[in-house]
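Respectively, the protein sequence lines represent chains Y and S.
Heads up: the first sequence begins at 7 in our numbering, then just goes up one per residue.
Heads up: the second sequence begins at 7 in our numbering, then just goes up one per residue.
Hints may contain errors.
Just so you know, same-sequence chains aren't split out, so a pair can sit in one copy or run between any two.
Under the rule of at most 20 Å between Cα atoms (straight-line distance), these lysine to aspartate or glutamate pairs were calculated in the EDC-like manner [claimed, not checked]:
1) 314 <-> 207
2) 222 <-> 250
3) 174 <-> 207
4) 288 <-> 98
5) 221 <-> 250
6) 222 <-> 209
7) 288 <-> 264
8) 219 <-> 190
9) 135 <-> 18
10) 258 <-> 18
11) 135 <-> 23
12) 83 <-> 99
13) 214 <-> 242
14) 135 <-> 260
15) 135 <-> 287
16) 180 <-> 125
17) 258 <-> 84
18) 135 <-> 20
19) 135 <-> 264
Since the hints were made in silico from the structure, they are not lab data.
Protein chains: 2
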Amino acid sequence: MHAMTILILLPERDATDFSLLLAARNPNLDIRTWPDVGDINDIEYVIVWNHPAGELKKYPNLKVIASFGAGVDHIFKDPDLPANVTITRLVDDSLTQQMSEYVAGVILNHRLHLTTYREFQAAALWSPKHARSGNTVCLLGLGKIGLSVAAYLNRLGFTIRGWSQSPKDIENVKTFHGEQSLSDAVGNADYIVCLLPLTTETENILDKDLFRKVKKGAYLINVGRGGHLNEEDLMDSLYHGQLDGACLDVFKTEPLPDDHAFWRHPNIHLTPHTASVTNLEKAASQIYENYQNMNNNKPLLNRVDPSKGY
Amino acid sequence: MHAMTILILLPERDATDFSLLLAARNPNLDIRTWPDVGDINDIEYVIVWNHPAGELKKYPNLKVIASFGAGVDHIFKDPDLPANVTITRLVDDSLTQQMSEYVAGVILNHRLHLTTYREFQAAALWSPKHARSGNTVCLLGLGKIGLSVAAYLNRLGFTIRGWSQSPKDIENVKTFHGEQSLSDAVGNADYIVCLLPLTTETENILDKDLFRKVKKGAYLINVGRGGHLNEEDLMDSLYHGQLDGACLDVFKTEPLPDDHAFWRHPNIHLTPHTASVTNLEKAASQIYENYQNMNNNKPLLNRVDPSKGY
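With these hints in hand, go ahead and build the complete structure from the sequences.
The following block contains the structure:
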């Protein structure tokens, strides 16, 4: 009989709750939580988020690395990643719905000056402002999440432009692809939203070259990864008024260090990586289903293409 | 030939811009701006917002009172309003669109804790919270604006309940009507939004009787009129935790006095009557069209029923 072993390798969190949700699906599972790994030969299937580099090559029988979220950049940044192992990620309708609501909420907040009025309130200042009228949103990234955000914003009456690495044809979205068309994509937009996977091609894509091409007064929303953003270039662009402001949910280092300048910048709003949060129940179902697929030699769901990195 | 006289009676604003927009439609118009009225016998058509009580009965030939906004409560509160005068209001797609965006923006702001994170930011506090999941919105008021807000929120996936004085049948909205069903309407809602006209029946409708019937932790949005809200009852309900918070755009006295307790309440957010702002171009078009209708003995657009008060 098969060993039924799953390793949970989530160094940043107490995995007790997730372990119980997996056990509820099959009480015979042998669930181990890193660093209490036991016999390394037992480990064929591992659930990871930000594992220590080099750790995964220690398991001689490893077959599947399951990311504990939608992103897999945290896996590929390990230079000693074992070859010929299947990598999967979570795909979850609630993740795409959360992301759509976050992007729409941030855009409407900016358009309606809700945060500004809250700041006026502290000074008992009654000072009406015109709502902003800019209506064009450029989405960088047109994967499942990008498509969902585009459809959601379309329903609210926004005009959507979208950019991706490879060509796409999407209803009600003016699409652009490839590095040379990035400036055309962002050029006319009032809001620029980064929803890209983090790869060597997209690292630091939000930099001074891009900010020089945006419409004066545009607003940036980064819900991709901290690695997409050149932080100094953002500060410069805000200083010179090219960008009007930014809302950031992801950072190069999380939690953002106490002394980071972003905390105190009046035109940078930040949220603590909450735009889209893994639902534990759904994650447990999807991860257990793929574990069964592995054992039954069935194709795995939501496989990642290592040559693309997403 | 007809005198072509229009009186602008907008004591709270400099009407120069609006006067120019009307003149652009017909250079032969004799546009007068209160208090420089000239011969009171010339005045058949007046544009008003918050006129001094008793002023309108001074004009013996007055035929039409045109409200400078969607609401007409400011007209009916005059105890000396002349009888047998036609009253009209502005109906403007941009007003309904603005209101929809405002209500959605406030709901998403609350759901995503955007203001809370902004307050955390001042203290460099990284403290992720779960997004709120409550999805049911009760709209009080199902006129043109209420219908538009309902459709907009439906497109975002919210479940809509609606209450009005008279029965309505609206797709995708569970409707209630009449005073006795108000508690059923608000009972299950996560968000309660007041979009009612202000009449003797709806004055102080947002009071302790209603707040006792809401779900614990519900959130109130008042974009009707300040007169809909019993301010002390709101403070009590927040103190006892029945309501989680409120966002108010309208107040009994505007601007809200400096020493008003709402300015300093942590769970009351306020905006300075900006949820829906009259577009001057559209207002000028609609008001001039009705002026022509009056002169040509055609039916006027957007007449108000004085027996209902809206």
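Structure-based check of all given hints:
no., hint, result
1, 314 <-> 207, "within (10 Å within a copy, 64 Å between copies)"
2, 222 <-> 250, "within (8 Å within a copy, 39 Å between copies)"
3, 174 <-> 207, "within (18 Å within a copy, 55 Å between copies)"
4, 288 <-> 98, "within (7 Å within a copy, 44 Å between copies)"
5, 221 <-> 250, "within (10 Å within a copy, 39 Å between copies)"
6, 222 <-> 209, "neither (24 Å within a copy, 46 Å between copies)"
7, 288 <-> 264, "neither (33 Å within a copy, 49 Å between copies)"
8, 219 <-> 190, "within (8 Å within a copy, 54 Å between copies)"
9, 135 <-> 18, "between (43 Å within a copy, 17 Å between copies)"
10, 258 <-> 18, "within (16 Å within a copy, 51 Å between copies)"
11, 135 <-> 23, "between (47 Å within a copy, 17 Å between copies)"
12, 83 <-> 99, "neither (26 Å within a copy, 51 Å between copies)"
13, 214 <-> 242, "within (8 Å within a copy, 51 Å between copies)"
14, 135 <-> 260, "between (35 Å within a copy, 15 Å between copies)"
15, 135 <-> 287, "between (44 Å within a copy, 18 Å between copies)"
16, 180 <-> 125, "neither (36 Å within a copy, 37 Å between copies)"
17, 258 <-> 84, "within (16 Å within a copy, 61 Å between copies)"
18, 135 <-> 20, "between (46 Å within a copy, 17 Å between copies)"
19, 135 <-> 264, "between (33 Å within a copy, 19 Å between copies)"
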